[in-house]
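What follows is the residue order along each chain.
Protein chains: 2
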Amino acid sequence: MSTTEVSEVGAAEWALFDGFVAMHAELARELDRRLQRDAGISQADYAVLLTLFKAPERQLRPGALGELIGWEKSRVSHQLTRMVSRGLVERIECDTDGRGSLVVLTRAGRRALLGAMRDHALAIRALFLDLLEPDEKQAIASASSRVLQRLTESRELDAS
Amino acid sequence: MSTTEVSEVGAAEWALFDGFVAMHAELARELDRRLQRDAGISQADYAVLLTLFKAPERQLRPGALGELIGWEKSRVSHQLTRMVSRGLVERIECDTDGRGSLVVLTRAGRRALLGAMRDHALAIRALFLDLLEPDEKQAIASASSRVLQRLTESRELDAS
DNA sequence: GGAATGTAGTTGACGTGTCATCTGTTCTGA
DNA sequence: TCAGAACAGATGACACGTCAACTACATTCC
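Chains as they are written, first to last, in this note's numbering: chain F, 1 to 160; chain L, 1 to 160.
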């Protein structure tokens, strides 16, 4: 019986993982689609615009931006290049550091963000938050932070 | 006080969503990195190889493959093109349908998959499954299927 | 002050994902 | 039987992400 039990436990766990991954994929796809349809921007655009909007002076160094969103520098750089070409943000010179630049929202970027925020928040509620029971929210929150913690440790271990 | 309560509840929920998204992103990145390092393939490659491997005759129509993995046809097609160029799979003619083709594993594809399976499973255990309490597993499983369900309904509604 | 070193950011190559469109086959029904 | 609809898949254009260089400014320390 132990064999059966073990493999059944195993099967349930793989199903859990697959379901979790599939759920995230579909959710992200749908949120992206709606954001694109309603406001003409992507989730990546949204993250950058929102982070800039919340920043003290509505402007950030690329490095700080990456830090806040959790992206590596080259991803930030590529994303900014695309957003500049779409007119959502601008790169300006940085007074205090000759290497760096400052990223600022354009009027169009600000408008796109404001147009997106309400719908995006509603979509996240309707497709995710409102479907969770309180204990599920608790479980997901604590599981997320534990897994994230583990990943960070594992990364630091690798780097050493 | 209700304002405070509402906004606090709101804040906790956004933190939950952000944490969940960040956790998934980091987890997927790390699994990808390890798969790439240990077996020289991506998660996308892995999904295709495994699905082919599990198929009755070790071969599938692109459409059926997409169905099983949950990908749309153009994604399948692009992925297959890349995998063919890397020698992991082959496209052969389909006898029974002049439009279609059949995808089969190459020897290299089979070897890559077998080399990847153990490490990949261990990584998923170590970075995810083993970190979850039983009740968290239960919560994530039921939440995933409920959200997925909702997304499917929403898609069908859109299509109509 | 000047060589070594670190840091901020960009770039190119490549793999991945989506949408719209196109080609060619199969099916269907008058 | 044959015109048109449905279907299987491929393709091009473009957005996104990662890794490995690379540029150029800033620091440090002799």
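Some hints could be false.
Same chains, same label: a pair holds when it works inside one copy or across any pair of copies.
Unchecked claim - Capping the alpha-carbon separation at 20 angstroms, the derived lysine to aspartate or glutamate pairs in EDC-like fashion look like this:
hint, residue 1, residue 2
1, K54, E133
2, K73, E93
3, K54, E67
4, K54, D18
5, K54, E13
No lab work stands behind these hints: they were computed from the structure. Since we're looking at a predicted model, the values are computed, not measured.
#### Entry: 20 angstroms Cα threshold - placement of E67 relative to K54
within (14 angstroms within a copy, 42 angstroms between copies)
### Query
Is it within, between, both or neither when you check K54 against D18 at 20 angstroms Cα-Cα?
between (35 angstroms within a copy, 16 angstroms between copies)
### Query
Is it within a copy, between copies, both, or neither that the alpha carbon of K73 lies no farther than 20 angstroms from that of E93?
within (18 angstroms within a copy, 45 angstroms between copies)
### Task
Give the relationship of K54 and E13 under a CA distance limit of 20 angstroms: within one copy only, between copies only, both, or neither.
between (40 angstroms within a copy, 18 angstroms between copies)
### Query
Which holds for K54 with E133 at a C-alpha limit of 20 angstroms: within a copy, between copies, both or neither?
neither (30 angstroms within a copy, 36 angstroms between copies)
Checked against the numbered hints above, the structure breaks only hint 1 and satisfies the rest.
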